[in-house]
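For this one, chain A is given, so just place chain B on it according to the hints.
There are 2 protein chains.
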Amino acid sequence: MAKYVYFFSPTGADGDGKQKALLGGKGANLAEMCRIGLPVPPGFTVSTEVCTHFYANGRSYPEELQGQVREAIARLETELGKKFGSVDNPLLLSVRSGARDSMPGMMDTILNLGINDQAVEGIARSTGNARFAWDSYRRFIQMYGDVVMGVQTREGEHHEPFDAVMHELKGEVGVHEDINLTVEHLQELVKRFKALIKSRTGNEFPEDAWAQLWGSIGAVFGSWMNDRAMVYRRKYNIPHEWGTAVNVQAMVFGNTGETSGTGVAFTRDPANGQKVYYGEYLVNAQGEDVVAGIRTPNHISQMASDLPEPYAQLTEVFQKLEKHFKDVQDVEFTVEHGKLFMLQTRNGKRTGLAAINIAVDMVEEGLITEEDAIKRIPADDLSHVLAPIFDRTAEANARCIGKGLPAGPGAATGRIYFNAVDAVTAADRGEDVVLVRVETSPEDLRGMIVAKGILTSRGGVSSHAALVARQMGKICVCGATEVVIDYHHKTVTADDVTLKEGDYISINGTTGQIFAGQIATAPSEIIQVLVDKTLDPSASPLYAKWQKLMSWVDARRTLGVRTNSDDPEQVRRAIGFGAEGIGLTRTEHMFFEGDRIDAVREMILAETKEAREHALAKLLPYQREDFTGIFEALQGRPATIRLLDPPLHEFIGTMTPEQISALASTIGLTPERISDRIHQLHEANPMLGHRGCRLGIVYPEITKMQARAIFEAAADVKSRGIDVHPEVMVPLVGFKKELDLQVELIHDVAAEVQKSRGVEFAYLVGTMIEIPRAALTADEIAASAQFFSFGTNDLTQTTLGMSRDDSAGFLGAYQEADILAKNPFATIDQTGVGQLIKIAVEKGKAARPGIKLGICGEHGGDPESVKFCHRVGLNYVSCSPFRIPIARLAAAQAALEG
Amino acid sequence: MAKYVYFFSPTGADGDGKQKALLGGKGANLAEMCRIGLPVPPGFTVSTEVCTHFYANGRSYPEELQGQVREAIARLETELGKKFGSVDNPLLLSVRSGARDSMPGMMDTILNLGINDQAVEGIARSTGNARFAWDSYRRFIQMYGDVVMGVQTREGEHHEPFDAVMHELKGEVGVHEDINLTVEHLQELVKRFKALIKSRTGNEFPEDAWAQLWGSIGAVFGSWMNDRAMVYRRKYNIPHEWGTAVNVQAMVFGNTGETSGTGVAFTRDPANGQKVYYGEYLVNAQGEDVVAGIRTPNHISQMASDLPEPYAQLTEVFQKLEKHFKDVQDVEFTVEHGKLFMLQTRNGKRTGLAAINIAVDMVEEGLITEEDAIKRIPADDLSHVLAPIFDRTAEANARCIGKGLPAGPGAATGRIYFNAVDAVTAADRGEDVVLVRVETSPEDLRGMIVAKGILTSRGGVSSHAALVARQMGKICVCGATEVVIDYHHKTVTADDVTLKEGDYISINGTTGQIFAGQIATAPSEIIQVLVDKTLDPSASPLYAKWQKLMSWVDARRTLGVRTNSDDPEQVRRAIGFGAEGIGLTRTEHMFFEGDRIDAVREMILAETKEAREHALAKLLPYQREDFTGIFEALQGRPATIRLLDPPLHEFIGTMTPEQISALASTIGLTPERISDRIHQLHEANPMLGHRGCRLGIVYPEITKMQARAIFEAAADVKSRGIDVHPEVMVPLVGFKKELDLQVELIHDVAAEVQKSRGVEFAYLVGTMIEIPRAALTADEIAASAQFFSFGTNDLTQTTLGMSRDDSAGFLGAYQEADILAKNPFATIDQTGVGQLIKIAVEKGKAARPGIKLGICGEHGGDPESVKFCHRVGLNYVSCSPFRIPIARLAAAQAALEG
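Read top to bottom, the protein sequences are chains A and B. According to my numbering, the first sequence is numbered sequentially starting from 95. According to my numbering, the second sequence is numbered sequentially starting from 95.
Isolated chain A, as found in the complex (with noise of 0.2 Å):
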């Protein structure tokens, strides 16, 4: 019989910790902790198994399910010594989602199951706290309410419904704060919800517990498939298909009184990484109020002098927990009457410089390996240190208006926006954005994910803001209590300045600091030791690790990184981010630079070949230039130069009248003849159209001029004993006919300047492979070309028949409608392109064994697509220069994941 329910209590555990794929994290972990005999309240976890045939099966169980269930409850009550569904000793429970992958705050969870009319009498006769039954009760119906029957927010409406009726009753009695209502105030409420429920759903809120707990478990697989999870899953790339799991726990109670608490903490700082406690927590509550930013929680540290018996085992819990699963831990516990009970553990979100100290902080503790440290940081997560920080000297003199938690590290500068539908509007407007909120809820994700900051004025550093700030990465300052946000008037003050929507705010994510109006940046401490050396490495303890990490991920790696580059300063900073060479130099990306635009022009606008040269004489030297220095800056390092590759009418498709008259008298030609010639290069789909090799083909002049600038560059640096490694790249090839003719221009040239200048330097002459035709005839093609350099932007462009520029309009439905899990343009389409990609790399290596492979499209900069690269063989990727310390990262992990 198919086993669906998995009980744990510490007397034992049906799972573990490796389960999560079965039990999900949440349920895996708590029977990891229930293994190494730490205190988990007792219960069971129903499987994803029955979350898939649950969707697979029009939304129900299996039959097995009923019994285990049963079966699980009954073992419950024996342990505990209680009765589900009795009146004088009910066994309470909490019911809880779970999935593989955490996904804080975006599933459902109830807790104080169980209790009904008759049972809120016998807890407040066996509890001798009535106002602890009722309390209890009130919350139940609430939760209850929203997350199962459905009672939640109406457009129109300004606060939750139960919220409502809370907050109508306080003001009737006159009470500030829950925690001052009493018991007759509970009641009324309890009365009141229920009549919330009754009048909004047209259902009673059932007395019956077992009906109670079905109704919650169906509601927590519901909320797999609600709009939030959807959202979450795709920005975070978690398959729908993983589903969740149900936790079934024996309730403990953080709202018995003065002796009782509930709280979360991480082992260590989640947002610096430092090896201190982190947390918070509050005395007499429960569950969510900690998190919901409703009452202000305590740091954790302050625990030791509250509750001090619990706080000593907590600390004994956290060492035992990082012993054991060896990261830093973010655990939810709740202390009932001085016993401290943990009700979950999973490795902490943390931000990329919190990521990089743990990481070689633990391995120098011996907790983990090199090896362990290079995969556990998210690559692209490295970003976070290398974003800019406030300029020092503006940051002085800026007038800073108040301080709240430092929940995201770095600085951020942007317009003031109040809700996520504003915030989305501006940054599609282009606007930097920074959010603010008095506190956030999974509904802002939208908002989150296109700000540049987030600011609120509610929640400590376990809110929901920070936790969502750690984990993308952006810059946090919450719990700045002292803000004053109003978003009626759309204003923000603090400290006597108010700022209305689109005026600027700055926050420091680092300090807590936050300041009125815009402040200038500065490159990153990594990026003022590596680069600009304007900062003394010993001065820097943040850049002692990074070089320890990199140290470990270079040793690794067997994929090549370069740089996409067209100057020779940009090259020089990727090479201080750890660039081997250029992969990628666009070669027109120098044509629109001062006057040379002129020349570039005379040069298409030419009628006869002889005009045409002429003009290219005029590019000659200009291009030899760029070149030199390219060399001059690489010093031996190889560099991938392509050859012209936009179709013409780029250069001249936007001149305006007035621009076409001065040509026109400087060329010799009318403005007629100028502006027919415009018409005539203009192309219906330039993207398809006479550009790439196909230019040097009906014009070898073009060729050769740039062939020779390219070789006599290196001639005149390498007599200067500088070494050079030009590989000449023709792009866009799809026949193999078409790449020997410029082959044979190009080995013409060379021959020729080595034997005028009396230098002898090495090059390479290979292709792009950017369209389908190329890959499929990689073969053929390999036999002319002495290396492959995959354009996956045009690859993807082709093979999607989609286009970059034009997909705007409808990518973001199809990512919604999830028929594309990622933008194809940001992270290679494995599925597509990537077949492609493999049949080339084999047709390639059967063809020429030794043939030279790297992709040089946008997406050698993302980790995914450099696993990929690894994977499928190529000797390197390419990418801007901010991406070279994360594309080195990602080739480590690929190496240690292969």
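Be aware that a few hints might be false.
Which copy is meant is left open, so a pair is good if it fits within one copy or across any two.
[As the list claims (entries may be wrong)] Taking lysine to aspartate or glutamate and the DMTMM-like style, the derived pairs with C-alpha atoms no more than 25 Å apart in a straight line are: (1) K264 <-> E251; (2) K703 <-> E910; (3) K932 <-> E874; (4) K264 <-> E533; (5) K420 <-> D195; (6) K703 <-> D321; (7) K916 <-> E874; (8) K937 <-> D873; (9) K97 <-> E173; (10) K932 <-> D873; (11) K831 <-> E958.
To be clear, the hints were calculated from the coordinates, so they are not data collected in a lab.
For chain B alone, kept in the frame of chain A given last:
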């Protein structure tokens, strides 16, 4: 030792007729004629392998060649009792090219080789015919000077230089016809020819026979790569690698007097296929005289009275040849002193009309099988008998200005141009061109390719013009001797009418008549019977043969043939041509008709889903009506209907400000909003933009409306007792999920319509495979697709990264540079695009064994592509109505090729 030289003579032959690849067509058939006892002057063939070696080794010969040639010459000397290079009894030779496929007039020929200043006297003595000796000598010098030494017309010269010299001499001595030149005149001519050679080349004409021979062999091999040969091969897709053979043969002389002569002939009429001897000859003439059109030759039938004995021999040879080669033969012969010699035989090129008539006749004569008949007709040539003819009444009322030889049947009307350059320029402007020349030569080929018709005033039915017209299926009237053509003034005058360049002229290539002005055309005979039903089948012998041929074709082919059509009338025509259904209905073609475009624009400009649905509701009845008409016309045959495909901008991008204003007031939007929307929908690369199923994904209501229109029409027609088989096709799918989403909508609508109308009908839902990703993931997609239709237009664009619209700028250069053998938008690029098709077929069949596979790109009517489709296992092709018979024939040929 490698054998490079193959001897042939009536005493035996080294080679035979099957060795065309090795010996060329001419050499192989010379050997074969020797083997079957026909009178052939002995000689030898230097194989095509030498040509390959020649080009692979810097134009040098294999070592063994010289010895083998000397040996063959020695054998010739022995057999004929003459001596090569001798003064008194010289062996004279012809040297001619001969490729695998005949390339008439494309390469060079040298006759009378072996004469020099001494030998000419010897020949005069031994033959007692000094005039013959000197005539032969001047001819040899002329040919050798032109072909080997390169004395050719220069820019600015109006005449070939040797002709100019001869013309001058004739003027000086007052002679009009070459034949009236005396021995003394000829001796003077020889002197002047040699002087011309010396002055033009700086070199002396070689007196040494061996030098003459090797020079000539080298010239023939060299001519393989000359410009006109390359153009010809490109046009007929003959690989450059094949190379040519060289045939060296003992001379026989048609220029020895009145009992000698030379001619060319066909065993049947190659213009219309009638079983009559066809051809022409000249008495006392040599070599190219007949073809060159300098003297007007006599019809072959006249030979019966002029040269009765040789004519009897010739008719006997004709019968022997047809029986042996089982095809129409195109022969060259020479009569020397009353004795017939065969110089060449080959299968005769013929028009499409002739091809049908001859093939069917030969089956009926028991000469060939039905399969032979099918294999032998070039599928494309069927179009010749489908091309329009002149409207009978219009032709009767037109001004007939002359008559020539009917050399290419059909009716052509166009503007007069007098040379290839002007013809090409005019054709590029979109004009219909009739090329008018005194006579044509290979230099005119480019002009002949673009011309609708060709008219010459000189040269008979074997002239270059007639021959090329026949091969290309061009409409041609040649040898219209009364017509006076003035190149200088660019006029043509006949029967007192003078027409200028650019004026209209009409020619009837079936009757030979020439008309001033344009004449309206009417459908061809076949179409009148098959489609228009305006002609009684029994009144058309051609139809009877057509019908027979097509019944053989249909009995053998396994590939279905459908049509691309959006219009009921067109569908009926296509069924007349044999269409078995519709392979592609482009629903949007109907969008531009009448006032529908307003509703379409309203739909596009709608700002809400409701507004869009409102506009779609207006379109629904139109679309339903369209499909009703199509289903009625199909009478139960299947119809593949493609959902909306083009980017929406296509429907609104061309609106004028007035149209915008008018539409704005109709649909209640401001003109500014409409202009904004037009701007917003503009795409950089619309081919890769928001189109195809991407529209249906973002606007599902469009798909729903179209599905509803299709299914409601189907229900209506079915309920009237006519069967329907709609096949709904989702365009531009690249991801399975795209298709899933659309398929679900379509099934929902189908179910709803069938239920509400109470009618059941069968239907399929499938997809186009038109982007590489779809082909690469065809296994996934097949799970949701009941059929695939390859959209090879788009698939070619994306696989080659080449826009059909924009490739005009370089495709010409690409074909000239041999990068592309054929236009990939006309004939499937089997190496690239074909590979994707194969992948998709394999994966599609693996995932869904019974999947229906077709092609709906324009390649479906191209014979080579049709054969490819058969080979890869498609079920059907689809093409425009006129191409259907061609596709049927190509499909049968593919089946026979296995």
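For each hint, the structure was consulted:
no.	hint	verdict
1	K264 <-> E251	within (19 Å within a copy, 111 Å between copies)
2	K703 <-> E910	between (52 Å within a copy, 18 Å between copies)
3	K932 <-> E874	both (16 Å within a copy, 18 Å between copies)
4	K264 <-> E533	within (21 Å within a copy, 109 Å between copies)
5	K420 <-> D195	within (18 Å within a copy, 78 Å between copies)
6	K703 <-> D321	between (62 Å within a copy, 21 Å between copies)
7	K916 <-> E874	between (33 Å within a copy, 18 Å between copies)
8	K937 <-> D873	both (5 Å within a copy, 22 Å between copies)
9	K97 <-> E173	within (21 Å within a copy, 100 Å between copies)
10	K932 <-> D873	both (12 Å within a copy, 18 Å between copies)
11	K831 <-> E958	between (34 Å within a copy, 22 Å between copies)
Going through the hint list in order, the structure satisfies each hint without exception.
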